[in-house]
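Enquirer: The chain contents come next:
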Amino acid sequence: MPGTLRIAYKLLVNDRAKFVTLLVGITFAVFLMIQMTSLFTGVLGRASATVINIGASIWVMDPAVQTVANTIPLPDYILDEVRSIPGVKYAVPFYSGGALVKLKSGAYQAVNIVGLDDTSLFGRPQLVAGEIDDIFAENAFFAVDDSEFRKLENPKIGTEFELNDHRGMIVGIARVATSGLFGVPTLYTTYNRALQYLPNTRFTISYILVEPKSTKDAQFIKQQVAKAGYLALTKDEFMSKISTFYKYQTGIGTNLMLMTVISFIVGLSISGQTFYTFILENIEKFGALKAIGAKGRELIAMILFQASFVALTGYGLGIGLCALVIALARLQLPDYAATITFPNLALAFVMVVIIAGVSSYFGVRRVLRIEPFDIFRG
Amino acid sequence: MAAPAIQATGLNKWFGEGDTKTYAVKDVNFEANFGEMLYVVGPSGSGKTTMLSMISGILRPNSGSVKIENTDIWGLPDDGIAEFRLHKIGFVFQDYHLFPRLTTAENVAIPLVLQKRDWDEAIEEARRDLDIVGLKNRADLPPVKLSGGEQQRVAIARAIVSRPDILILDEPTASLDGDTGRTIVSFVRNNILNEHRCIVIVTHDARIFEFADRILKMEDGRLTGIDKGATNGQ
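Residue numbers (this note's numbering), protein chains in the order written: chain A, 1 to 378; chain B, 1 to 234.
Don't take every hint at face value.
To be verified - Okay, derived cross-link-like pairs now, DMTMM-like style, lysine to aspartate or glutamate, Cα gap no bigger than 25 Å in a straight line:
1. A/10 to B/95
2. A/241 to A/211
3. A/285 to B/125
4. B/67 to B/79
5. A/10 to B/121
6. A/104 to A/160
7. A/295 to A/284
8. A/295 to B/79
9. A/295 to B/95
10. B/21 to A/371
11. A/18 to A/298
12. A/10 to A/298
13. A/285 to B/79
14. B/88 to B/31
15. A/151 to A/134
16. A/285 to B/95
17. B/67 to A/371
18. A/10 to B/131
19. B/217 to A/374
What the hints assert, rightly or not - Taking CB as the label site, the calculated pair distances span:
20. A/296 to B/12: 23 to 29 Å
21. B/44 to A/371: 16 to 22 Å
22. B/44 to A/258: 56 to 62 Å
23. B/206 to A/24: 48 to 54 Å
24. A/296 to B/179: 38 to 44 Å
25. A/361 to B/128: 38 to 44 Å
What the hints contain is simulated information worked out from the structure, not anything from laboratory work. Note that CB positions come from ideal geometry on N, CA and C, so glycine has one too.
Isolated chain A, as found in the complex:
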């Protein structure tokens, strides 16, 4: 490390009070920024849980659908029409809906029922206990072992429950990629059993799941579905639509964005002000360095190094703190929806760079303005 940067480092870390204040300011800001954005990412991921877990390439739905949970049943003839579109490899009906189950203890529990196409079981989950064929047995359901599993009183194969006065039985335990947003357990069964057990409207298909013959066919399929007055979206488009809904049509996105901006402003204020005070306290010393023979660019490098060192250390501590808080939260709340992703980290990094840049900008300006002559004048 060049000697001037070593001096800068010692000036910074040996001023314990200011160094700690700077670190706390940036760490706290980074923690809040990452916490808020990862919470939002987690919420968005959970909101698309069904789309992710089922994994269909194309979803056909009513154009008014905004999220996967907000289903608008489709008429049966649409299924036939979709199946007749050239480029469709296969298309299957899919049921998704809420229900109340009466557990063995007598307690009632809200659940999400997923009904898979009886013929193909397209979108079936990975089983960790039981056999896939058992889903065709009488009253058969698979329970998903996710963070909500315990709400079903930790069922085993053979556990019974009631659903709309129908007897239900757990015949398999499954795992899925991601849990749902609403904190309710998920039960998988066949499409026809779901219709049989649950009260329904005249139309019954929640979504039509489509697999195109090739990715090039997707566009044509979407056009043909649109001609029929319905909407076909690829998996990514559907997830994006769900994200857009939560971002802009609920308060979640706005509030989390506000919290992120506030965290940024708080971090900028604390760090900027403390760093500027730190520079001001050393301004005569910087002037003395200039008088001795330090060049402007060397002083700028020293200040930028100090700001970057504080920013990067605070950034690392903030990430660590956020990861720790999420881990601790999950010990108590298994369905705590927060996911730290690279884009979250990148966003926080950009904000930290801005904080460091703004903080050092004012310091650099002040240091460049000080004249060595002022040091002689006292």
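With chain A held as given, fit chain B onto it using these hints.
Expert: Frame of chain A, contents of chain B only:
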């Protein structure tokens, strides 16, 4: 004959323009030689500090020239002047301007660090110079743990660590009691001054005049006289 250490010719510095134009230094000419301890004295506002700043390459004069060992320092580019100061001139500031968060040795090593010398080597040389000023056992303490006189000696060690030809001391006794002030200047005279170095001291402390070879008197920005010091050049 060797070139003078410092040669100031027709130095002028004014601030403001038109009706507000005020001369801080007016038509100053003098020379200082190697092996000489030169004082610049005068009342507050007489232009001592302004003149000192101009001869040390810190404040650009409006007219006139300053030659140090025949180099016209104000003919150099800005970075060149900074580089010249770093290698040729040592400063002892009135308030010392030591970094309280660095150790005494690290403070002394700063000019060497700015010269891009190896850190360990610079610290080693700083310790050697702290030994010269009698503060070897204070090398690892922060300056705030030292007395005023000791801090002054640290500042002197910092000024001489890069072996400059010119040493500039600005009011070196202003923050010290009479005895300590005399001790410090006596120390500088006996241990720091040599035939390859010129020392310029700005002061209005008459108690240390006895150590001067020559005394330049300033008033209202003008050089009003040059006295032989008490040492009479000895």
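Enquirer: Are the hints correct? Go through all of them and say.
Expert: Hint check results:
1. For the proposed pair residue 10 of chain A and residue 95 of chain B, the alpha carbon gap of about 21 Å is at most 25 Å, so the pair holds.
2. Restraint check for residue 241 of chain A and residue 211 of chain A: the C-alpha separation of about 20 Å stays at or below 25 Å, so the hint holds.
3. Note on residue 285 of chain A and residue 125 of chain B: the hinted pairing holds, with a Cα-Cα distance of about 22 Å set against a maximum of 25 Å.
4. The hinted pair formed by residue 67 of chain B and residue 79 of chain B meets the criterion: a straight-line CA distance of about 17 Å does not exceed 25 Å.
5. Pair hint residue 10 of chain A plus residue 121 of chain B holds up; C-alpha atoms about 18 Å apart against a cutoff of 25 Å.
6. In summary, the hint linking residue 104 of chain A to residue 160 of chain A is supported, as the alpha carbons are separated by about 7 Å, within the 25 Å threshold.
7. Our distance criterion of 25 Å between C-alpha atoms is met by residue 295 of chain A and residue 284 of chain A, whose separation comes to about 15 Å.
8. The hinted pair formed by residue 295 of chain A and residue 79 of chain B meets the criterion: a straight-line CA distance of about 7 Å does not exceed 25 Å.
9. Annotation: proposed proximity of residue 295 of chain A to residue 95 of chain B holds, straight-line Cα distance about 22 Å (limit 25 Å).
10. Straight-line distance between C-alpha atoms of residue 21 of chain B and residue 371 of chain A comes to about 21 Å, which keeps the hinted pair within the 25 Å bound.
11. With a CA separation close to 22 Å, the supplied pair residue 18 of chain A and residue 298 of chain A stays within the 25 Å bound.
12. With a CA separation close to 16 Å, the supplied pair residue 10 of chain A and residue 298 of chain A stays within the 25 Å bound.
13. Taking the CA atoms of residue 285 of chain A and residue 79 of chain B, the gap is about 19 Å. The hint holds against a cut of 25 Å.
14. Distance restraint check for residue 88 of chain B and residue 31 of chain B: the Cα-Cα separation of roughly 17 Å lies within the 25 Å cut-off, and the hinted pair is therefore satisfied.
15. Between the alpha carbons of residue 151 of chain A and residue 134 of chain A the distance comes to roughly 23 Å, so the proposed pair stays at or under 25 Å and holds.
16. Taken as a hint, the residue 285 of chain A and residue 95 of chain B pair is honoured in the structure, with Cα atoms around 10 Å apart against an allowance of 25 Å.
17. For the hint pairing residue 67 of chain B with residue 371 of chain A, the CA-to-CA distance comes to about 22 Å; that is within 25 Å, so the pair holds.
18. The hinted pair formed by residue 10 of chain A and residue 131 of chain B meets the criterion: a straight-line CA distance of about 23 Å does not exceed 25 Å.
19. For the given pair, residue 217 of chain B sits about 23 Å from residue 374 of chain A by alpha-carbon distance, which is consistent with the 25 Å threshold.
20. Hint check: residue 296 of chain A to residue 12 of chain B, Cβ distance near 27 Å, so the stated range 23 to 29 Å holds.
21. Between residue 44 of chain B and residue 371 of chain A, the C-beta spacing of about 20 Å keeps the proposed range 16 to 22 Å intact.
22. Between residue 44 of chain B and residue 258 of chain A the beta carbon distance is about 57 Å. The supplied range of 56 to 62 Å therefore holds.
23. Evaluation of the 48 to 54 Å hint for residue 206 of chain B and residue 24 of chain A yields a pass: the beta carbon distance comes to about 53 Å.
24. Judged by the Cβ atoms, the range 38 to 44 Å given for residue 296 of chain A and residue 179 of chain B holds: they are separated by roughly 41 Å.
25. Judged by the Cβ atoms, the range 38 to 44 Å given for residue 361 of chain A and residue 128 of chain B holds: they are separated by roughly 40 Å.
In this structure, none of the earlier numbered hints is contradicted; all agree with it.
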